[in-house]
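All chains should be built: construct the whole structure from the sequences, respecting the hints.
Protein chains in written order, with the UniProt record's numbering: chain A, 1 to 239; chain B, 1 to 131; chain C, 1 to 600.
Don't read these hints as lab results, they were simulated from the structure.
By construction, the Cβ of each residue, glycine as well, lies at the ideal position given by its N, Cα and C atoms.
Incorrect hints may have been included.
Stated by the list, open to error - Covered by chain C, according to a simulated footprint, are these stretches of chain A (three or more residues, beta-carbon under 8 angstroms): (1) 80-88; (2) 98-111; (3) 119-131; (4) 228-238.
Unchecked claim - In silico EDC-like cross-links for lysine to aspartate or glutamate, where the CA-CA straight-line distance does not exceed 16 angstroms: (5) A:K185 with A:D120; (6) C:K330 with C:D347; (7) C:K125 with C:D65; (8) C:K499 with A:D46; (9) A:K185 with A:E209; (10) C:K150 with A:D182; (11) C:K262 with C:D315; (12) A:K42 with C:D498; (13) C:K448 with C:E413; (14) C:K554 with C:D572; (15) A:K9 with A:E25; (16) A:K4 with A:D84; (17) A:K115 with A:D81; (18) C:K330 with C:E351; (19) A:K42 with C:D549; (20) A:K140 with C:D572; (21) C:K150 with A:E25; (22) C:K377 with C:E529; (23) C:K30 with C:D169; (24) C:K341 with A:D81; (25) C:K150 with C:E26; (26) C:K150 with A:E109; (27) C:K499 with A:E14; (28) A:K115 with A:E25; (29) A:K230 with A:E191; (30) C:K554 with C:E529; (31) A:K4 with A:D81; (32) C:K341 with A:E191; (33) C:K377 with C:E413; (34) C:K341 with C:E326; (35) A:K115 with A:E14; (36) C:K377 with C:D423; (37) C:K150 with A:D120.
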Amino acid sequence: MSTKSIRIKRYLPEQAEEAFWQRYEVPVDDSTSLLDALNHVKEELDSSLSYRWSCRMAICGSCGVMVNGIPKLGCKTFLRDYPDEVRIEPLAHFPVRRDLMVDMEIFLEHLAAVKPWLIDEASNAAEPNRQTPAQLARYKQFANCINCGLCYSACPQFGLNPEFLGPAAIALAHRYNLDSRDHGKAQRMPELNRHEGVWSCTFVGFCSEVCPKHVDPAAAVNQGKVESAKHTLIALFRG
Amino acid sequence: MHPNERLPPLPRSWWLKHRYFIAYMVREATVLPLLFFAVCLLAGLIALLRGEASWMNWLAFMGSAPVLLLNGLALAASLYHAWTFFQLFPRVMPLRIAGRPLPHQAVVAAQWAGVAVVTLISLWLFMGGAR
Amino acid sequence: MQERDFDIVIVGGGGAGLRAAIAAAEQARKNGTHQRIALLSKVYPMRSHTVAAEGGAAAVTSAEDSLQAHFDDTVAGSDWLAEQGVVDYFVHHAHRELVQLERWGCPWSRQQDGSIQVRRFGGMKTARTWFAADKTGFHLLHTLFQTSLKYAEIERLDEYFVLDIAVHDGSVIGVIALQVASGELTLLRTKAVVLATGGAGRLFRFNTNAGIVTGDGMAIAYRHGVALRDMEFVQYHPTGLPGSGILITEACRGEGGILLNKDGYRYLQDYGLGPETPLGQPQNKFMELGPRDKLSQAFWQEQQAGRTGTFAGSDVVYLDLRHLGEAVLKERLPFICELAKSYINVDPVREPIPIRPAVHYTMGGIETDAECETRIKGLFAAGECASVGLHGANRLGSNSLTELLVFGRLAGERASQQAAQRDFADPHLIQEQAHRQQRSLATLCQGKSEENWVAVKRELIQTMESGCGIYRTEAGMRAALDSVRRLRERYRQVRVNDKSRIYNTELLECIELGFGLDIAEATCLGALERRESRGAHQRLDQDMQQRDDTRFLKHSLVFHHGDATAELQWQDVDVRFSAPAERVYGEAGSNTEGQRGARS
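Structure follows, in structure tokens:
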């Protein structure tokens, strides 16, 4: 087993005001993920290193970090793919609280703002709705978001204006708008129609590049623009 | 905790950090040579209205090397922009036939086919095919 | 120190916790009262381990199926150690809960006509498992989380780590937690508490579980005198990836995947699960669709006989999905394809997946009555942390996601009803207990000793694996129990190096280890004292290789006695509907069922 050096941007607010870089040597083999490396640092080299993690199988969305400037899940990033030194930083565009821990509150606020639940009068009915595989396929991709926040770190518009709802929240709104069982689109559109809704997006598209689950939030946001335009036009004609 | 506290604003050079952002900025910047071309066309229209001398001047202007270069750039920019746009289009307007989604490559290919057809018709018109 | 008042505090934001929170809110609305509900979790709810469940959730759905059949499968699967009244309640309420989830937007997989699609699962007589591709837990959790956002009365306390509950006069009166972001101690005064903190799979070295599955709630209730029940029953899932233990869902076999040893032989036919079913025609309760305990045990036998292969240093057998074809794999098992490709670089379309058993689920847990309440008034438990009595000695795959819903809802409703009848306790009573917590935190951080908690943790997981594995021996379990007790001693000397308050994750891991050590003792003690083989508890000792209903048709109850050793008692099992019978699968199983059918 060989070793590799990783550099981590540390921030310990109770000890120093400024962030600093620290280098660690970690053992690696073909299957060593970045998360394995961080766990090695914590257990063997420096127990003060703080980061989030849980499932280690790319489904819980905890372990997002910047790897050489690109947002990635630590558990799905393998050191074998990085021949040179690896730079690890906390997710961009979120306030850093300590080491690789960022404050995700604004992300959760944006998620909640789009009413991401099925809006349907008969929510307590005794029988399931019918939904054909084709109807399911219309929104399924957008239901696969794991809320990891990588897309927010990839989005310069969110970086420039954190009030922008952002890729994941809009994708989630779109997921429900496309669901054949939902009747809540009219309630969600005002939020999407705002400048901080879909219209802050300039289709940089990097959000979809970094998405570990191929949700393609950029597509959702821009489909949302079409919907928003339609919604506005219809409202105009209705007076 | 101040969850909504503002982070330091992104530096103006944020887009230089990654090639993906650079490509995005290039895409957005294609508007500049296209703007030049549009102004040229407008000037041509005005020259036509003003009379023959003016028109000849405009033709000479259009034939000068720097202007040819700029308009060549505009052509390249518009093709590049079209390429990016065509790639994005099927994602923004997912099309379905009989409930089945059309493959993205097919939509992209159809758009280029459209470009080819329009180009051919234009060439035919301007090369005197309509006469 | 923050102090807050909530009518109900739910600890844990996974499937059971979220379902309980929503149920409590609905119950209060129904009663025309306003109750404030705290949903406290050490991680954001959508990070909870429910997210990693893959295969599906069981409920009787098709016309050919029956509640009796689901009941019989569950009871036989439990090796007759399930509480039959509880199982009966469960099978009756399973379907409506899955429908409720559908009505909340869960993207269940569908048949062409738009009705619900079901798949086969191990130990179930017929296909009755609802699924959302192979990410059922993920979709279930996110649907519940998103639905919970509708309820203004549910206040989330994200990233609050529970340290303790406050109990006075046999009733729960509060919850003491640490706000992870600030390190601030938080006192929640309350009238009812629902523990929904998940299992304790991380006690074992090789497991399918997330890092957070450390049994916190189990240990907290246990320390307050609630028994941990049936803790010796630890489920080994037969198909984990070598190295990491990442879960490869049972749905692979439900869809028709087969298990091969290194010679390419379907070895399960040698372990009472045959005869071999034709390729592409899986048959319920035969071969690969046997229950998890039997399949993991068969792996062990093959390993002993030298018929396993090796992959990355692990002994493995092979899960072959190739005959299902790329289209089916992409539609039904996309996540499995992604996991196999990412983590072991195997493409299931082209190669069999090397797999081996890994600890997956804690069948035992906090003892509750049939309505999820513990011996402490107002303290409820639901989900994997609880032992409501559904799983007995072996859980059937796809019963636990449904359990989260059925018993999460029940616990939430009961908690709401209890809270409506009770008053807040005197705040001083909670403060007293909080000060005790503060002192013990200080001891952890300021201890003079040099004992390293990482070393203790590694020894613990090694001990549990060797002492409480798929097959167990008297000597092995005795050694494990002694070792755990020594580790508990050593734990009293450990010291946390990180002294900071903000996001001190070292401190949290160290506290989790303390919880784990207590639970480990209960597990080892239960295992040692159960001198028979039943379900997931299999002994190699002479005269203990069979089930012994005369002595051990009983639940084990382990009680905590502070720093002294734990104590074990036995509790009768509710067998009111179905008398214990031989537990058989494969051909023998269908013969038995045939006879039963003839009698009825």
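Can you confirm whether the C-alpha distance between K4 of chain A and D84 of chain A stays at or below 16 angstroms? The hint holds at about 8 angstroms.
Under the criterion that the straight-line Cα-Cα distance not exceed 16 angstroms, is the pair K42 of chain A, D498 of chain C satisfied? Roughly 11 angstroms separates the two Cα atoms, so the pair holds.
Has the segment 228-238 of chain A got at least three residues whose CB is nearer than 8 angstroms to a CB belonging to chain C? With 0 residues closer than 8 angstroms to chain C, the segment 228-238 of chain A misses the three-residue bar; violated.
Please verify whether K448 of chain C and E413 of chain C have alpha carbons no more than 16 angstroms apart. 47 angstroms, violated
Mind taking a look at whether chain C covers the segment 98-111 of chain A? Criterion is 3 or more residues with CB to CB distance under 8 angstroms. This one holds; 7 residues, not fewer than the three required, reach chain C with a Cβ under 8 angstroms.
Between the alpha carbons of K115 of chain A and E14 of chain A, is the straight-line distance 16 angstroms or under? 38 angstroms, violated
Coverage criterion applied to the segment 119-131 of chain A (partner chain C; beta-carbon cut 8 angstroms; 3 residues): Coverage by chain C holds for the segment 119-131 of chain A (11 residues, Cβ < 8 angstroms).
Would you mind confirming whether the straight-line C-alpha gap from K115 of chain A to E25 of chain A stays at or under 16 angstroms? Given pair K115 of chain A, E25 of chain A is violated - Cα atoms ~46 angstroms apart, limit 16 angstroms.
Is the hinted pair K125 of chain C and D65 of chain C satisfied, with a Cα-Cα distance of at most 16 angstroms? Roughly 9 angstroms between the alpha carbons, so the hint for K125 of chain C and D65 of chain C holds.
K42 of chain A and D549 of chain C were given as a pair; does the straight-line alpha-carbon distance stay at or below 16 angstroms? Outside the cut-off at roughly 48 angstroms; violated.
Below or equal to 16 angstroms on CA atoms is what counts here, so check K262 of chain C against D315 of chain C. Since the Cα atoms of K262 of chain C and D315 of chain C sit roughly 10 angstroms apart, the hinted pair holds (cutoff 16 angstroms).
If you draw a straight line from the CA of K341 of chain C to the CA of E191 of chain A, is it 16 angstroms or shorter? Cα-Cα ~39 angstroms, so violated.
Of the hints listed earlier, those the structure fails to meet are numbers 1, 4, 9, 13, 17, 19, 20, 21, 22, 23, 28, 32 and 35, in rising order.
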